[in-house]
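Enquirer: Chains as they are written, first to last, in the working numbering: chain A, 1 to 192; chain B, 193 to 348.
These are computed hints drawn from the structure, not numbers from a lab. Watch out, some of these pointers could steer you wrong.
[As the list claims (entries may be wrong)] In silico DSBU-like pairs for lysine-lysine, Cα to Cα no more than 35 Å straight-line:
1) Lys313/B / Lys68/A
2) Lys319/B / Lys237/B
3) Lys319/B / Lys157/A
4) Lys273/B / Lys175/A
5) Lys175/A / Lys344/B
6) Lys313/B / Lys88/A
7) Lys103/A / Lys344/B
8) Lys175/A / Lys237/B
9) Lys344/B / Lys273/B
10) Lys88/A / Lys252/B
11) Lys319/B / Lys68/A
12) Lys119/A / Lys273/B
13) Lys68/A / Lys237/B
14) Lys68/A / Lys344/B
15) Lys248/B / Lys68/A
16) Lys155/A / Lys313/B
17) Lys344/B / Lys160/A
18) Lys237/B / Lys248/B
19) Lys313/B / Lys237/B
20) Lys175/A / Lys248/B
21) Lys248/B / Lys103/A
22) Lys327/B / Lys88/A
[Claimed, not checked] According to the in silico footprint, chain A covers these stretches of chain B (three or more CB under 8 Å from chain A):
23) 261-274
24) 279-285
All C-beta atoms in this analysis are idealised placements derived from N, C-alpha and C, irrespective of residue type, glycine included.
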Amino acid sequence: MGKRKTPGLNTSSMADISFLLLTFFLLTSSINTDQGIARRLPPPLPPNQDKPPEVRERNIFIVKINSKDRLLFNGEIGDVRDLKDRAKEFLGNPQDKDNLPEKEDVYIEGFGGTYPVSKGIISLQNDRGTSYDMYIQVQNELTAAINEMRNDLSKDKFGKGYADINNQQRDAIDKAIPIAISEAEPKNVGGN
Amino acid sequence: MARFTGKKAKETPALNMGSMSDIIFMLLFFFMVITTMRESSLYVKIQVPQGTETSKLEKKSLVSYINIGVPMDQYQSKYGKEPRIQLNDMIADVSDISQWVELERADRSPADRQYITTAIKADMAVKMGLVSDIKQELRQAGAFRIFYNARKGERK
Numbered sequence: 001m002g003k004r005k006t007p008g009l010n011t012s013s014m015a016d017i018s019f020l021l022l023t024f025f026l027l028t029s030s031i032n033t034d035q036g037i038a039r040r041l042p043p044p045l046p047p048n049q050d051k052p053p054e055v056r057e058r059n060i061f062i063v064k065i066n067s068k069d070r071l072l073f074n075g076e077i078g079d080v081r082d083l084k085d086r087a088k089e090f091l092g093n094p095q096d097k098d099n100l101p102e103k104e105d106v107y108i109e110g111f112g113g114t115y116p117v118s119k120g121i122i123s124l125q126n127d128r129g130t131s132y133d134m135y136i137q138v139q140n141e142l143t144a145a146i147n148e149m150r151n152d153l154s155k156d157k158f159g160k161g162y163a164d165i166n167n168q169q170r171d172a173i174d175k176a177i178p179i180a181i182s183e184a185e186p187k188n189v190g191g192n
Numbered sequence: 193m194a195r196f197t198g199k200k201a202k203e204t205p206a207l208n209m210g211s212m213s214d215i216i217f218m219l220l221f222f223f224m225v226i227t228t229m230r231e232s233s234l235y236v237k238i239q240v241p242q243g244t245e246t247s248k249l250e251k252k253s254l255v256s257y258i259n260i261g262v263p264m265d266q267y268q269s270k271y272g273k274e275p276r277i278q279l280n281d282m283i284a285d286v287s288d289i290s291q292w293v294e295l296e297r298a299d300r301s302p303a304d305r306q307y308i309t310t311a312i313k314a315d316m317a318v319k320m321g322l323v324s325d326i327k328q329e330l331r332q333a334g335a336f337r338i339f340y341n342a343r344k345g346e347r348k
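Kindly generate the complete structure, drawing on both the sequences and the hints.
Expert: What follows is the structure in structure tokens.
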């Protein structure tokens, strides 16, 4: 028996088959990188306590949204475009004014020292009739304020923007500027 | 120059297609790895709001979705025209959420349970009353990590 050469497999249709598979996966899958705003809900109040702890007036900035999607900042009519700057001024309190939040020196490991962490809390209250769109816009502006402050602090401390620092440095920044947004128990803020 | 002109024009050799399939397979695996299968079809119409400060949702396998919106036209006779909640592939009520959270939790390994995020995918026009009710239910059920889906957009 002489050794015969095995004929080469015709693999030209292989490409077609894999193309078919490829198109199938392209069509059935979605590359939706979900974008959005992450938040943490507070744990439910313990049953024997019906009121949250009192916060001093200077430490709280109240943002109310009514059912017509209009805003009140600490009782004054405001616009969503001003909200970011108001929130930055409130949380940063750069001139240490008396009517803006107190600060508490907290030791932060990543900085190797203490940093004056603001005690300010932004209280967000909305009506049941508020549109979800407006609510997200307000959340977006507040996030923008916090992100900008974090970015500034990161440049100050580490010489790089918040997006470019490592996780430990990010933890330190997050500790220095926490997301201090509190959402009230839902109630009707007012129909008009 | 006779060296060049003396020869006959050669025929172009056929391209070797053998590695074509390898390249396509590589593409295929790339897409298989980076994409996720569409899990369930939507029964509600959703146009998420726009934001400038959005971030990416990490760890897709630890995310449960709550869709909120008006039922699509073909389902309106069945579910009405008011905004409804869709959990996985069924229309549900607010009171079903705590049970659903338990089920979602049971699906994941115990080590991962604390990292489960609930993504709220709600239509722009939905009123906050419904969303607040859902948030309260999630709070009671202990699902504290939430995520509001939004499109990334320019500042208006």
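Enquirer: State for each hint whether it applies.
Expert: Against the structure, the hints come out as follows:
1. About 22 Å separates the Cα atoms of Lys313/B and Lys68/A, which keeps this hinted pair within 35 Å; it holds.
2. A C-alpha spacing of about 15 Å is found between Lys319/B and Lys237/B, which places the hinted pair at or below 35 Å, so the restraint holds.
3. At most 35 Å may separate the alpha-carbon atoms for a hinted pair to count; Lys319/B and Lys157/A exceed this at roughly 42 Å.
4. In summary, the hint linking Lys273/B to Lys175/A is not supported, as the alpha carbons are separated by about 45 Å, beyond the 35 Å threshold.
5. For the hint linking Lys175/A to Lys344/B, the alpha-carbon distance of about 26 Å falls within 35 Å, and the restraint holds.
6. Taken as a hint, the Lys313/B and Lys88/A pair is honoured in the structure, with Cα atoms around 28 Å apart against an allowance of 35 Å.
7. Proposed proximity of Lys103/A and Lys344/B is supported: the alpha carbons are some 34 Å apart, at most 35 Å.
8. Between the alpha carbons of Lys175/A and Lys237/B the distance comes to roughly 39 Å, so the proposed pair goes past 35 Å and is violated.
9. A C-alpha spacing of about 28 Å is found between Lys344/B and Lys273/B, which places the hinted pair at or below 35 Å, so the restraint holds.
10. For the hint pairing Lys88/A with Lys252/B, the CA-to-CA distance comes to about 32 Å; that is within 35 Å, so the pair holds.
11. For the given pair, Lys319/B sits about 11 Å from Lys68/A by alpha-carbon distance, which is consistent with the 35 Å threshold.
12. Distance hint between Lys119/A and Lys273/B is unfulfilled; the C-alpha atoms sit about 45 Å from each other, more than 35 Å.
13. Between Lys68/A and Lys237/B the alpha-carbon distance is near 23 Å, which keeps this suggested pair within the 35 Å criterion.
14. The straight-line distance between the Cα atoms of Lys68/A and Lys344/B is roughly 25 Å, inside the 35 Å bound, and the hint therefore holds.
15. Distance check on the hinted pair: Lys248/B and Lys68/A sit about 31 Å apart at the alpha-carbon level, within 35 Å; holds.
16. Pair hint Lys155/A plus Lys313/B holds up; C-alpha atoms about 34 Å apart against a cutoff of 35 Å.
17. With a C-alpha separation of about 24 Å, the suggested pairing of Lys344/B with Lys160/A holds against the 35 Å cut-off.
18. Of the pairs offered as hints, the one joining Lys237/B and Lys248/B holds, with about 22 Å between alpha carbons and a cut-off of 35 Å not exceeded.
19. Under the criterion of a C-alpha separation no larger than 35 Å, the hint pairing Lys313/B with Lys237/B is consistent with the structure, at around 10 Å.
20. Restraint check: the Cα-Cα separation between Lys175/A and Lys248/B comes to about 21 Å, which is no more than 35 Å; the hinted pair holds.
21. Proposed proximity of Lys248/B and Lys103/A is supported: the alpha carbons are some 32 Å apart, at most 35 Å.
22. Restraint check: the Cα-Cα separation between Lys327/B and Lys88/A comes to about 27 Å, which is no more than 35 Å; the hinted pair holds.
23. With 0 residues bearing a CB less than 8 Å from a CB of chain A, the stretch 261-274 of chain B misses the requirement of three and the coverage assertion fails.
24. Taking a C-beta to C-beta cut-off of 8 Å, the stretch 279-285 of chain B contributes 0 residues in contact with chain A, too few for the three needed, and the coverage statement is violated.
When the structure is compared with the earlier hints, violations turn up for hints 3, 4, 8, 12, 23, 24 and for no others.
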